[in-house]
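Engineer: What follows is each chain in one-letter form.
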Amino acid sequence: MTENSGNPQDGSDNSSKRLVKILVIIFIGVPILIELMTLFNILNVQFFEDDEKEVASEEAVTQVDELAEGDTLWTDYAAPVLLKSIRIKVRGQDWKFELVFSPSDSTTEQDSLVQVDSLKLQSDEILRTDTTFSWQASEEGIPELIMEWKLPPGDIPTTLYLRSEQQIADDSTAMVPREAPLDKIPVRYNADES
Amino acid sequence: MTFLQKYPKASKVAKANFIVAFIALAIGGFFGFVQALHRTDVFRGFFNSSEYYTILTGHGVLLALIFTTFFIAGLFVWGVTRSLDREPENMAFTWSWFWLMVIGLTMTALTILAGLVPDSSIRAAVLYTFYPPLQAHPGFYIGLALVIIASWMAGADWFWSYRKWRENHPGERIPILTFMALFTMLMWYICTIGVAIEVVGLLIPWSLGIVTEIEPLLPRTLFWYFGHAVVYFWLLPAYYVWYAILPKLSGGRLFSDSMTRIVFIIFLILSTPVGYHHQYADPGISVGFKFYAMATTLLLLLPSLMTLFTVVASMEHGARQRGGKGYLKWIGKLPWDSPAFVGCALAGIMFAAGGFSGMINASMNINLLIHNTLWVPGHFHLTVGTAVALTFMAISYWLIPQLTGRKLKYKTLALIQPYSWFLGMTLMSNAMHRAGLMGEPRRTAEPEYSGFDYEPIFGSVGEMQWQIAIGGTILTISLVLFLWVMIGTWLAGEKSDQPVDDHIPEPLSGVEHTPAILDNIKLWTALAIILVLLAYSFPLWEMVQDGIFEPGALPRPS
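Heads up: the sequence lines are chains S and L, in that order.
In terms of numbering that gives the first Met the number 0, the first sequence opens at residue 0 and continues consecutively.
In terms of numbering that gives the first Met the number 0, the second sequence opens at residue 0 and continues consecutively.
Hints were generated in silico from the structure; no laboratory data involved.
Check each hint, because a few of them may be wrong.
Among the chain L residues that face chain S by a calculated CB cut under 8 Å, a handful are [stated by the list, open to error]:
(1) Asn89
(2) Met90
(3) Asp336
(4) Tyr418
(5) Phe421
(6) Thr425
(7) Asn429
Think about it this way: if two alpha-carbon atoms lie no more than 30 Å apart in a straight line, the pair counts; the simulated DSS-like pairs of lysine-lysine are [what the hints assert, rightly or not]:
(8) L/Lys494 with L/Lys8
(9) S/Lys16 with L/Lys406
(10) S/Lys16 with L/Lys410
(11) L/Lys494 with S/Lys16
(12) L/Lys406 with L/Lys8
(13) S/Lys20 with L/Lys324
(14) L/Lys494 with L/Lys5
(15) S/Lys149 with S/Lys83
(16) S/Lys149 with S/Lys119
(17) L/Lys14 with L/Lys410
(18) L/Lys328 with S/Lys16
(19) L/Lys328 with S/Lys20
(20) L/Lys408 with S/Lys20
(21) S/Lys16 with L/Lys408
(22) S/Lys20 with L/Lys410
(23) L/Lys410 with L/Lys328
(24) L/Lys14 with L/Lys328
(25) L/Lys324 with S/Lys16
(26) L/Lys5 with S/Lys20
(27) S/Lys149 with S/Lys95
(28) S/Lys95 with S/Lys183
Glycine included, every Cβ here is placed at the ideal spot set by N, Cα and C.
Working from the sequences, and respecting the hints, build out all of it.
Structural biologist: Next comes the structure, spelled out in structure tokens:
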């Protein structure tokens, strides 16, 4: 095997040639293949798959409205409810999920009631609660419902199941359910407990 | 007669530098291996995530600063001695810079490694781009300052040899091996001014508690004044090998002496005034100055493209001397069974890929897509991690026999080594680039987030992580092969009066065709200094005007 000279290779050194062939095929051929596959995939995504993904995501947006801070529920009813705040608070291994509801219209003359049934997490675990929040129009100030759940560390809520008592016809009321998928939830680390 | 027999004193110094370089390579390489497994979550048992920055600092400093500097010193001792045909002028002075470098390196390395000792108060987990707000133990900065001062002395040693040679050879052209070494060191002198001011003027007083408040923008700017040019301090010795030795390994001759000199002159002029392209995301620097840096950075593509042409032309000449014919068939006639040739050639091929991803980094707007992502280490593992490191390893197969008087041992392993490095680096770097495009951050021990999923362009995150881990493992195996071959050769290689064919033929277009102005060291140095002043004086003045020396001042004038 030549080490460093400019002399032509010895044609009879078959094992050396075979080794070089194997090395070139595997150790240069495979990298070239990897790079070509990368190029192909990038071009494929750029020119052919990108439009499909955009259409799909647009459709997804129109089909499902994810609940985020500042959104209002039961907007078609007389007593819409505002999601004033949604947070995950982390201190060490302690994870807490906090929701704050209030009437959407602070000048409403409508009494109302909101019941939060349960919460679904990323791991598909369901956290139940039977918290009920009600306010009356005659109350002074802006009533707030603050709810807190202890979460398994790292497990993020994905869906909220709740109901609200709403006027549906003349004088009758009913509990109108909502299954609200949750948007990305802000996570606060070492937030001061207020 | 070998180099060892002709120049025994220089051989000893060169070997000492290579030994230190290889030890740094071994430790730094091991750190890289455990990092690759850790951040990909393939295996996190080597260390805690809280120690990641210590490991990363060790990997970066030992490889990018220590391995490179010591190897370059050994390479230039060889090149200057051989081309000027004279031993170093004063061995006491030569050994003094070597030992000063070793003392500095030891201080720096100990402060880094102390971070792995439980309850140690000594830490230097500041990464190899050392600037505030991360603060290291003073020993880290003092050690690095000693390394830099010693490197200045090394350069002075080679200029001394040149001056003495000139006294006996008035009117002769500077031999190309010395020319390239001197111009590399001139660039080094200019670019280390920034980091010297940063370390001695700012970081050492800050780490000693003499200064309690420090504004990060100025030390960052001074670091990056140095930080881009340092990559050329690494790269130019690789070009040194590609220009001076690779043509010979290919069986041919260097295509053009003047092209070689022109390339090194361009790097001297343009390497330093581009530092702001590492600070595109920094506040406090006007976008106009960043734009100027972008323009000069893109100009740096020119000498690399010239190198591509000259080196490939030289290799083609060699292949045709060996019987190669046709437009591309001559490639098959190159000595693909020569470890030194293969390493240099594959390093050059990989450098082209790294250069193209560098164009993305250099472009101010699209840089923001990959800023601080894993794309960036993906890029520099192609450039310094392969173009430089693999070239250094490859040329060791040719140099160490000359310095030890022993033939290369374990030639089959030596041949497999550069090929395996190429495969491992392709796997690892390819996945790093892709991970960067999906936003995976660099310098992060556990880049997974709760409630957040990366969106790869194609493939899966798990597949990318495994690709990085497998690539890193192959690289580690390749590194072990290299170290095994070196140890075997050094200790047990067959002794020989001619362990390698060390003859380097004259270039095809020789120095007689090279304009004399190219050897005008003063002219090109002056031009380099002017460009640096143009690039940095206005932005630094702007920083001072904005109150950088007044802690608590508004970041911009109100």
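Engineer: Compare the structure with each hint and give your call.
Structural biologist: Evaluated hints:
1. Asn89: 32 Å, violated
2. Met90: Check failed: Cβ of L/Met90 comes no nearer than 29 Å to chain S, outside 8 Å.
3. Asp336: 5 Å, holds
4. Tyr418: 4 Å, holds
5. Phe421: This interface hint holds because 6 Å falls under the 8 Å limit.
6. Thr425: 4 Å, holds
7. Asn429: Holds, because the Cβ-Cβ distance from L/Asn429 to chain S comes to roughly 6 Å (cut-off 8 Å).
8. L/Lys494 with L/Lys8: 19 Å, holds
9. S/Lys16 with L/Lys406: Since the Cα atoms of S/Lys16 and L/Lys406 sit roughly 21 Å apart, the hinted pair holds (cutoff 30 Å).
10. S/Lys16 with L/Lys410: 14 Å, holds
11. L/Lys494 with S/Lys16: 27 Å, holds
12. L/Lys406 with L/Lys8: 20 Å, holds
13. S/Lys20 with L/Lys324: 20 Å, holds
14. L/Lys494 with L/Lys5: 16 Å, holds
15. S/Lys149 with S/Lys83: 20 Å, holds
16. S/Lys149 with S/Lys119: 13 Å, holds
17. L/Lys14 with L/Lys410: 20 Å, holds
18. L/Lys328 with S/Lys16: 17 Å, holds
19. L/Lys328 with S/Lys20: 15 Å, holds
20. L/Lys408 with S/Lys20: 22 Å, holds
21. S/Lys16 with L/Lys408: 19 Å, holds
22. S/Lys20 with L/Lys410: 16 Å, holds
23. L/Lys410 with L/Lys328: 26 Å, holds
24. L/Lys14 with L/Lys328: Not satisfied, since the Cα-Cα distance of roughly 39 Å exceeds 30 Å.
25. L/Lys324 with S/Lys16: Roughly 19 Å separates the two Cα atoms, so the pair holds.
26. L/Lys5 with S/Lys20: 39 Å, violated
27. S/Lys149 with S/Lys95: 5 Å, holds
28. S/Lys95 with S/Lys183: The given pair, whose Cα atoms are some 15 Å apart, holds under the 30 Å limit.
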